[in-house]
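Just so you know, the sequences run in chain order A and B.
For the first sequence, the positions run 1 to 823 when the numbering used here is used.
For the second sequence, the positions run 1001 to 1255 when the numbering used here is used.
Hints were generated in silico from the structure; no laboratory data involved.
Hints are not guaranteed to be accurate.
Stated by the list, open to error - Now the in silico label distances, taken between C-beta atoms and shown as ranges:
(1) R809/A <-> T1015/B: 48 to 54 Å
(2) A406/A <-> G1030/B: 32 to 38 Å
(3) E727/A <-> S1128/B: 41 to 47 Å
(4) A409/A <-> S1077/B: 26 to 32 Å
Each residue gets a CB set at the ideal place from its N, CA and C atoms; glycine is no exception.
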Amino acid sequence: MTALAARMLRHRPGSSIATLLALALGALILTAMGTLIESGLRYTPEPVRYAAADLVVARPDTTFVSREFGDTHTSTVALPEGTVPVALTGKILGVDGVAGIAVDDDITVTGADGGPVTARGWGSAVLTPYQLVSGKAPAGDRQVVVNSGVAPLGGPVDLVVGGTLRTYTVSGLVDGPRVAFFSDAHAAAVNPRSGTVTAIGVLAAPGTDVAALQTRIQKIAGKDVAVLTGAQSGVAERSADRSAATLLVQVGASFGGYVIMLIVFVVAATIGLSVRHRRRDLALVRAVAATPGQVRRMIMAESALVGVIAAALGVPAGLAAAHWLTGELTGRGFLPEGFPMLPGAVAAPAAAATIVISAVLAGLLAARRVTGIRPAEALGEAAVEPGTAGKVRLISGLIALVAAGATAAAAVSGSGQTALGAALGMLYLFVLAVGLLAPWINTAAARLLAGPLRAIFGASGYLAAANLRANARGTATVLTCLVLAVGFGGSVWFLQNNLERQAVAQSRDGLLATRALVPADGLSDAAIAAVRAVPGVRAATPVRHTSVVLPLMGDGEVFGARAVDPAGLDQTLDLGVTSGDLAALGDGTMAISETQASTFGWELGQNVPVRLGDGTPLELRVVAVYRNGLAFGDIVLPRTAVLGHTGTGLDDEILVSAPPSADAALAEVAAEHRATVVDSAALTGGLARDLALSAWLNRLLIAVMVGYTAVAAANTMVMAALARRRELAVLRLTGVTSRQVKRMINAEQLGLLGTAVLLGGVIAALTLSSVVRALTGSFVPYVPPLGYVTVLGGTAVLALATTILPVARLLRVPPIEHMGIKE
Amino acid sequence: MSVQSEPAVRVHGLTRVYQADGEPVRALAGVGATFHRGTFTAIMGPSGSGKSTLLQAAAGLDRPTEGSVWIGGTELSTLSETKLTELRRGRIGFVFQAFNLIGALTVEENILLPLKLAGARPDRQWISAVVDRVGLGQRLRHRPAALSGGQQQRVAIARALAARPEVIFCDEPTGALDTNTAAEVLILLRGIVDEHGQTVVMVTHDPVAASYADRVMVLADGHIVHDMPQPGAARIAEHLAALGRRPADPAGATR
């Protein structure tokens, strides 16, 4: 069967090119996504900093335990900056088999070149290990050990520690990763965390069973912290890499999943079309010798062959795409510099296998049609496809439509994450319903459009409407692909515009401060005091950007949070409080955005569990719920809550409310603290830039998806157009002029694509407006003018390139040449 | 009953009703006929008389609404689609008006296709005899597109013969050919009946083509209206012409 399939393929490559193209592009996307997943899943951080430690006590992640219906569900989230109490050191030292310990204070300071340097106590040097190349260990609070080449032995080195510029003397030099070693006492003194350190390294006494020691230490350390062996200790070092690994898996898996579904759908459609175009051949094979099973196997063999060729073309391209994507992701800060991306040794064969399996699966779906081919058709003159689509399809389509309607109601009436989830579900269900009901939608549209088309295009319009009705089933794929492209693309792409626009609007309205100090590294308390002392300054609000971990449906989720000083907040920031009062923002309290409040179901006055970025659990009372979460973050904490819990102990900006007369003095203060003064418009502009950057990945993925569906639609349309040569020849021989044929084709395209764009647009508008309402409260989404142009222009280009031009080419040949008895 | 006396094809009480625009159309209204081995039968009749439907039903390409079909000793109505296909490829040969061949395959591959699909080892001696008989020895490696219409029909006949079927059904085998080429094809069909004792059942509307047969059966409105031993082209034409005039005399329409 395979040999026969191969012969049939070689003889008529045209009918398979569409399938090949769809599969090869799919292979490309899947390989790229597979490489992301593989790199994320197989990421194991190499131990560097604690490579020489026998055991490391740290808190790389935090665990949530929830009970539901008697089942215990645990969820572990990587902590942005987990720490362990320094008090544990005493207990660990007492454990049998511990020869020594060293704490890693892990303080971020700024080097002379402006870049961040990790500063640590000299005691932790053995954990790596670092060895002195020359000089001696640091002593007192003015000596430092740095990498060779940074400064000469005995020379001065400037470091910004805790927002203050300090000059140290180089007492010794080491080789290894960039570092600054202080004396242990000085490191502890400048550590901004209160009583906690990043990790405690343990050195075992010679001859100790490290595994048993690990168990003993774990017992006294408690279950909140992890006791890691030296080889596992990489997880305690690079939390940015770990969250990047999670991001890669999430992006790759969710997007790859869609793409697989799309491939099966698109390829089933193209194979189905090629089966339809070869109906007579297949009927002949059936008549003379082949059982239905043999013909089905032949079609599946054919699809598998095309799949193999597609994989051979698409997978190498996918690996190249993955390489490009890695560069872009790193450049835009989604991936930390130096994240170990794998070359796709597993992803490439997996993607190839997925493509071949999808092709066979799609072939199987398409081959079901073969059962409908009666061998007697081989005798007939014309191969006409009988009947309409099945009842099962109609019923499933109606069910999907009803479900979509119900979800739409939920999306419109719900709020927060519920509404967002419902809106997304509605989008899928509507697209699914359109896909299933496409033949009937096409028929109905053809009926409805018959009048208008006739009025506009005359006799050509009449023919066009008749063709649309007759080809309702054949054009189902085109309708579905375009609705998918416009529906998905329109909602997800323009959603980013809406978010950005809304965030910028909130920022513009909510920012009462006229100026802001934005530092190179961080702003210390001294800077705040200096700003407040400037004459004319009415209020100054230090803001610290941090993250918190909140329990959502039993899983921990990391949210960005702002820690602010509530004093004078009413003069610098208007969060758009809808209930409660920010004046009450004191110890043990927090404020939350409306969107997240309804997602979590938290109400004013409720005590809620919050974990800080270092893993400290807190119970905070909600004292205010506000509107402007998009611009200012979903969680606002009092600054006192995070003091001693952040890595630098510095603030990220100071919002200042002051008359222009204070500008000169402010600039002076700023210069002193290595910061710049910007006005509120610049602050808002920075927010817009950040949002556009983080939306880039979403935009890229949606563009790929829309592109893929557009190619699929184009494929189908070209195939359909070229298969019409005989029909067009008949029309011309019966006296329809070339011009009328062209007008007829234009009218058909207008009818088909118009229906698709309209349906896709309605779905996108519904989704967009429910999402926008859930996020901002406004029902009317914003669509940039260029957006309309792109959707309509893209569709027009599609029609022109895939149907109008191919048909024009067919029309240049005298009709009689297409009338031959040979196919 | 000896094997020799068992007819190659027998149909009994054959009725076929189609739904066309929601209206039932009777293409066959209780047709019975027997086709003996080593005979060449032409089935004729005006368009819509049911001659193609009869052929399709007798050849197991279409299932009748009522009635039964025997190919040799096998009754078809109880066979599954797969069994029916297996029977077709082993015991029935086909020659259609056009589109007989798979364009992707060479002449030789087209001839061997049914055997290959059946997973049977071709009888090389027989195949080369068949190829010689239809006169295609030089063209085995060609694609169908390189052949003339008459040559394509000869390939189709060779394919039909390859499995040594009990009967070959032909549907307008000369319909797309010019007079001279048509004559060659008909002489070939006549020859395989005379020389190999093959059974041929052919649908045609051409009295000249029918004159090559031993027996001519004329259908009208789903009934057999004439069944005569080879009467000559002129008499056949007369009968057909008489049928053509019948609408003026509706009382005799089904007689």
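C-beta pair E727/A, S1128/B: status relative to the range 41 to 47 Å that was hinted = Holds, at about 43 Å.
request  = Take a look at whether the Cβ-Cβ distance between A406/A and G1030/B falls inside 32 to 38 Å.
outcome  = The hint (32 to 38 Å, Cβ to Cβ) is violated, given that A406/A and G1030/B are roughly 56 Å apart.
query = So does A409/A sit 26 to 32 Å from S1077/B, Cβ to Cβ?
reply = Roughly 54 Å apart at Cβ, these two residues miss the hinted range, so it is violated.
task = Can you let me know if the beta-carbon spacing of R809/A and T1015/B is within 48 to 54 Å?
result = holds (49 Å)
In summary, the numbered hints that this structure violates are 2, 4.
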